[in-house]
Amino acid sequence: MRDKIAVITGGSRGLGRNTAINLARRGVDIIFTYRANQQEAESVIREVEAAGRRVKAIHLDAADIRAFDPFVAEVRKTLQQWNNDRFDYLVNNAGNSLHASFEQTTEAQFDEIFAVHVKGVYFLTQKLLPLINNGGRIVNVSSGLARVSLPGSSAYGAAKGAVEVLTRYLAKELGPRRITANVVAPGAIQTDFSGGMVRDNPEVNKFVADLTALGRAGVPDDIGPMIAALLSEENRWVNGQRIEVSGGMAL
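For the sequence shown, our numbering begins at 8 and goes up steadily by one.
Keep in mind the hints are simulated off the structure, nothing from the lab.
There may be inaccurate statements among the hints.
Derived lysine-lysine pairs resembling PhoX-like cross-links, with alpha carbons at most 25 Å apart [said to hold, decoys possible]:
no.	residue 1	residue 2
1	K63	K11
2	K179	K134
3	K84	K63
4	K134	K11
5	K11	K179
6	K179	K213
7	K84	K134
8	K134	K63
9	K126	K213
Using C-beta positions, here's what the derived DEER-type ranges look like [as the list claims (entries may be wrong)]:
no.	residue 1	residue 2	range
10	E56	R184	18 to 24 Å
11	E210	R243	25 to 31 Å
12	S156	A220	17 to 23 Å
13	E54	L157	38 to 44 Å
14	P77	F214	38 to 44 Å
15	W244	E180	34 to 40 Å
16	D207	R175	31 to 37 Å
17	G255	A57	32 to 38 Å
Model, not experiment: these values are computed from the prediction.
Yeah, the Cβ is synthetic: ideal placement off N, Cα and C, and Gly gets one too.
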């Protein structure tokens, strides 16, 4: 059986990193992107290699559409080096955050959020589509904030809502190629996202825990294994779905 290959955006930190490592442990080779921190990317490379899998880190700013063609060319080159011409799994995870009231959100802030979370996901997926195997899988990472409205997250939540609608269209239009598309929507997770707000601020952490049925904020290892499992053959019939992974937040 041919080895599976995953492409993960934003794979050097947080949920992307955890997903890459968990997929590697399941025997999947990894191509992942990083934007700023090469040291973190090199750390992921070491962990994936320790799991016995091939790995390639490629620099990419997910908001810069001009960079997508060179990135796709680099993915194609890596696949060829691995004696493949296509990959199997695409995880659109790269993201940025914004905390500003509706009244105070500027057009520039709005554009920055939508460039990464909507426009970037839309056109990077489009450009990578010829390299995805028939029968492949796409997972787009959303957020519980597309369902639960918390003040200060209107632009971010709206962008994630757009990604969720886009995912259903992908599932429908890519069905003839047997490519599934699903959304994983994490709750609040203790990472360095948003400056480590959930992880490092005790008041925010307690607020999240009190809002969650299982009584704590999430950790990356609550999410990565779930995404890896969703991409597996056992979940081949899950398609066009939004799956929230939040421990029962705001039920």
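Results for each hint:
Of the supplied pair hints, the one linking K63 and K11 holds, its CA atoms being roughly 14 Å apart against a limit of 25 Å. Of the supplied pair hints, the one linking K179 and K134 holds, its CA atoms being roughly 18 Å apart against a limit of 25 Å. Straight-line distance between C-alpha atoms of K84 and K63 comes to about 11 Å, which keeps the hinted pair within the 25 Å bound. For the suggested pair K134 and K11, the alpha carbons sit about 20 Å apart, so the restraint of at most 25 Å is met.
Among the hinted pairs, K11 with K179 is consistent with the structure: their alpha-carbon atoms are about 23 Å apart, no more than 25 Å. In summary, the hint linking K179 to K213 is not supported, as the alpha carbons are separated by about 40 Å, beyond the 25 Å threshold. Distance restraint check for K84 and K134: the Cα-Cα separation of roughly 15 Å lies within the 25 Å cut-off, and the hinted pair is therefore satisfied. Between K134 and K63 the CA atoms are separated by roughly 19 Å; this keeps the pair inside 25 Å, and the hint holds.
Of the supplied pair hints, the one linking K126 and K213 is violated, its CA atoms being roughly 34 Å apart against a limit of 25 Å. Checking the proposed 18 to 24 Å range against E56 and R184 shows it is violated: the Cβ atoms sit about 32 Å from each other. Roughly 43 Å separates the CB atoms of E210 and R243, a value that falls outside the hinted 25 to 31 Å. About 19 Å separates the C-beta atoms of S156 and A220, a value consistent with the hinted range of 17 to 23 Å.
At roughly 33 Å, the beta-carbon separation of E54 and L157 lies outside the given 38 to 44 Å, and the hint is violated. Under the hint 38 to 44 Å, the C-beta atoms of P77 and F214, about 42 Å apart, fit the expected range. Range check, W244 to E180: Cβ separation about 18 Å, and the 34 to 40 Å hint is violated. Checking the proposed 31 to 37 Å range against D207 and R175 shows it holds: the Cβ atoms sit about 35 Å from each other.
Hint check: G255 to A57, Cβ distance near 34 Å, so the stated range 32 to 38 Å holds.
Hint compliance for this structure: hints 6, 9, 10, 11, 13, 15 are not met, and every other hint is.
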